[in-house]
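Protein chains: 2
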Amino acid sequence: MKTLELDLGSNSYPIYIGQALLEQAELLTNHIAGKQVMIVTNTTVAPLYLAKVKSLLAAFNVAEVILPDGEQYKTLDTVNLIFDALLENRFDRSCTLIALGGGVVGDMTGFAAASYQRGVNFIQIPTTLLSQVDSSVGGKTGVNHPLGKNMIGAFHQPKCVVIDVDTLDTLDDRQYSAGMAEVIKYGLLGNASFLEFLQANISTLMSRDKGLIIQAVYQSCTDKAEIVAQDELESGKRALLNLGHTFGHAIENTLGYGVFLHGEAISVGMLMAAEMSKLLGDLSEDSVTEVKELLEKSSLPVSVNGKISALEFLSAMSVDKKVIDGNIRLILMKKLGESYITDTYQKEQLEQVIGNFCQA
Amino acid sequence: MKTLELDLGSNSYPIYIGQALLEQAELLTNHIAGKQVMIVTNTTVAPLYLAKVKSLLAAFNVAEVILPDGEQYKTLDTVNLIFDALLENRFDRSCTLIALGGGVVGDMTGFAAASYQRGVNFIQIPTTLLSQVDSSVGGKTGVNHPLGKNMIGAFHQPKCVVIDVDTLDTLDDRQYSAGMAEVIKYGLLGNASFLEFLQANISTLMSRDKGLIIQAVYQSCTDKAEIVAQDELESGKRALLNLGHTFGHAIENTLGYGVFLHGEAISVGMLMAAEMSKLLGDLSEDSVTEVKELLEKSSLPVSVNGKISALEFLSAMSVDKKVIDGNIRLILMKKLGESYITDTYQKEQLEQVIGNFCQA
Numbered sequence: 000m001k002t003l004e005l006d007l008g009s010n011s012y013p014i015y016i017g018q019a020l021l022e023q024a025e026l027l028t029n030h031i032a033g034k035q036v037m038i039v040t041n042t043t044v045a046p047l048y049l050a051k052v053k054s055l056l057a058a059f060n061v062a063e064v065i066l067p068d069g070e071q072y073k074t075l076d077t078v079n080l081i082f083d084a085l086l087e088n089r090f091d092r093s094c095t096l097i098a099l100g101g102g103v104v105g106d107m108t109g110f111a112a113a114s115y116q117r118g119v120n121f122i123q124i125p126t127t128l129l130s131q132v133d134s135s136v137g138g139k140t141g142v143n144h145p146l147g148k149n150m151i152g153a154f155h156q157p158k159c160v161v162i163d164v165d166t167l168d169t170l171d172d173r174q175y176s177a178g179m180a181e182v183i184k185y186g187l188l189g190n191a192s193f194l195e196f197l198q199a200n201i202s203t204l205m206s207r208d209k210g211l212i213i214q215a216v217y218q219s220c221t222d223k224a225e226i227v228a229q230d231e232l233e234s235g236k237r238a239l240l241n242l243g244h245t246f247g248h249a250i251e252n253t254l255g256y257g258v259f260l261h262g263e264a265i266s267v268g269m270l271m272a273a274e275m276s277k278l279l280g281d282l283s284e285d286s287v288t289e290v291k292e293l294l295e296k297s298s299l300p301v302s303v304n305g306k307i308s309a310l311e312f313l314s315a316m317s318v319d320k321k322v323i324d325g326n327i328r329l330i331l332m333k334k335l336g337e338s339y340i341t342d343t344y345q346k347e348q349l350e351q352v353i354g355n356f357c358q359a
Numbered sequence: 000m001k002t003l004e005l006d007l008g009s010n011s012y013p014i015y016i017g018q019a020l021l022e023q024a025e026l027l028t029n030h031i032a033g034k035q036v037m038i039v040t041n042t043t044v045a046p047l048y049l050a051k052v053k054s055l056l057a058a059f060n061v062a063e064v065i066l067p068d069g070e071q072y073k074t075l076d077t078v079n080l081i082f083d084a085l086l087e088n089r090f091d092r093s094c095t096l097i098a099l100g101g102g103v104v105g106d107m108t109g110f111a112a113a114s115y116q117r118g119v120n121f122i123q124i125p126t127t128l129l130s131q132v133d134s135s136v137g138g139k140t141g142v143n144h145p146l147g148k149n150m151i152g153a154f155h156q157p158k159c160v161v162i163d164v165d166t167l168d169t170l171d172d173r174q175y176s177a178g179m180a181e182v183i184k185y186g187l188l189g190n191a192s193f194l195e196f197l198q199a200n201i202s203t204l205m206s207r208d209k210g211l212i213i214q215a216v217y218q219s220c221t222d223k224a225e226i227v228a229q230d231e232l233e234s235g236k237r238a239l240l241n242l243g244h245t246f247g248h249a250i251e252n253t254l255g256y257g258v259f260l261h262g263e264a265i266s267v268g269m270l271m272a273a274e275m276s277k278l279l280g281d282l283s284e285d286s287v288t289e290v291k292e293l294l295e296k297s298s299l300p301v302s303v304n305g306k307i308s309a310l311e312f313l314s315a316m317s318v319d320k321k322v323i324d325g326n327i328r329l330i331l332m333k334k335l336g337e338s339y340i341t342d343t344y345q346k347e348q349l350e351q352v353i354g355n356f357c358q359a
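Chains as they are written, first to last, in numbering that gives the first Met the number 0: chain A, 0 to 359; chain B, 0 to 359.
Calculated from the structure, these hints are not laboratory results.
Don't take every hint at face value.
The list cannot tell twin chains apart, which means a pair is met if one copy fits it or any two copies do.
[Unchecked claim] Once the Cα atoms are required to be at most 25 Å apart in a straight line, the calculated SDA-like pairs of lysine to any residue come out as:
{"id": "1", "residue 1": "Lys209", "residue 2": "Tyr175"}
{"id": "2", "residue 1": "Lys34", "residue 2": "Gln345"}
{"id": "3", "residue 1": "Lys34", "residue 2": "Leu313"}
{"id": "4", "residue 1": "Lys51", "residue 2": "His30"}
{"id": "5", "residue 1": "Lys277", "residue 2": "Ser206"}
{"id": "6", "residue 1": "Lys236", "residue 2": "Gly33"}
Bound conformation, chain A alone:
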């Protein structure tokens, strides 16, 4: 097992990464203060891992809430089901929530924990590659609104994150690829040597070699932890983690949640960021091709298949959180492995890139 410490002062917490971690009760119990534990999971994950996690918590008063599965259920109404369960079980401020599932479960459980009685403890047990390398770490929680993704939420850090890569055994190929998009993101945004590692090992990673997966997850979490430690509340550098996300959110918002998986939208978004960087003279054609090839080798989409008009795309981008007083801020690449935040470009350049990916 590898342990990584996310250093956030009084909000610091460990991230455990390895195999068979769901056999080790103390990884959880050391981080539970009270007696009341609410496990939040969904209809897909519950039959696979709920009994296992419950068996680790025999000494506690454990209740559970099983949510419907899917990004389309990442709403205030679904979070309200968690509040219902907490109140029906008369859970008090000393309770702990455990998020058992992917990013949607983690984001909603974290927001419920942030808001229940103005804040209770929670623990992340991410069971998808995407949530293991991204959403479970860093304390961003929240839900979608019909007019925008992740528009409602809170910064609320978990007490620990338990990443058992054995849970990936039950993840389907499409979800696995979607997670790989976020892994690739860390290479592209700030870690050229990790990018080279991924390019060299992508086929072995796609065959799900556990040793390599642990390496990739550990490096992804390390890179994320470093950035989050410098900028917990995303007032600056943390925005780099949104590489591909401004484009990607526009795709998800326009097509409706669930047509593209989040990681799939981010895949297309990263390629659009690369194209935009080429247009600004920073990336070579070869570099853009390298990005595209790595995504394709990860079985990720590199286009929106003509499903979105340029106008829809631009409109959706302008409600993204990364807009400050009307200007669209983008995360672009100076070179492969080095991204930056900018709003200095010609609107026509952005429209050109969008035009290349969309219908007129």
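Using the hints, position chain B against chain A.
Relative to chain A, chain B alone:
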């Protein structure tokens, strides 16, 4: 104008108290960072003060959302109306929300500000006595759940609080009395000389003498600010501010929101706390009578009029936030002007007090 600073490190903010403050634009504009301002108010307050506040903000992109009025609308669904308005107007992270109204508007606006895009700025303009002396100060925000009051929320501090006591001119007598309950609370919980001031001046205060009102509001906010500064997140001493609230919330939850106003429920709750303190040997019969008389002179209720059974009351108390792993913590009085937090008493004593106030 009196100015009070609530000292919370980087979350510190000023509280302005006086007359004709809604004529002074800079009290607001000095605390607005971006260009986008959303005024949140309700159907009662909008016709009275919305135009006035808007006229102070000519330099900004101002939008408004007018909520239904009443504690029964203090729900997630109503907060969602604020999110709808923010997103329809494409407000970004740099926006500022202004709560213009009583405690319900303030609590919901604060929670919307805490949660919109994981946190934006907000300003409180409380227009009721209750919100001026209590809910607008200290950063507690949130909404009710059918199973419990204020069960969903966040700690989120405003950028400033503008208390124009002239807005009390439009407050009806019942609401004014309800606010006086929270004023009396500060005397009872920790300020014997303020309690004496109130006892000596209650009839003049009830006749709405502006000079005395400013004194009472200033002292209430001073006492609250001091406690909040010591314990922003209510891990200890701040719970003293809940004097009367554990009992009061049980009344509100059992009867349904709106039958008793919040301040009215707190009035009964404080008298119950006094009776309980008498039972524990701390308060004399005379002291309890003093409490009762002060409440009655403020035209506040001192009983639940036989509307609640003892069993209902006890059941409602056990889901209150102040329950830690099953024990009901109470705020009781050592003497008039000195309260403390305790869970050491006989359950039968609590049942006896509840029995005195309820049907069998």
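Now for the hints, and whether the structure bears them out:
1. Lys209 <-> Tyr175: Answer is within; shortest intra-copy Cα gap is 13 Å, inter-copy 67 Å.
2. Lys34 <-> Gln345: This pair counts as between: shortest inter-copy Cα distance 23 Å, intra-copy 57 Å.
3. Lys34 <-> Leu313: between (49 Å within a copy, 22 Å between copies)
4. Lys51 <-> His30: within (18 Å within a copy, 51 Å between copies)
5. Lys277 <-> Ser206: neither (32 Å within a copy, 73 Å between copies)
6. Lys236 <-> Gly33: between (35 Å within a copy, 20 Å between copies)
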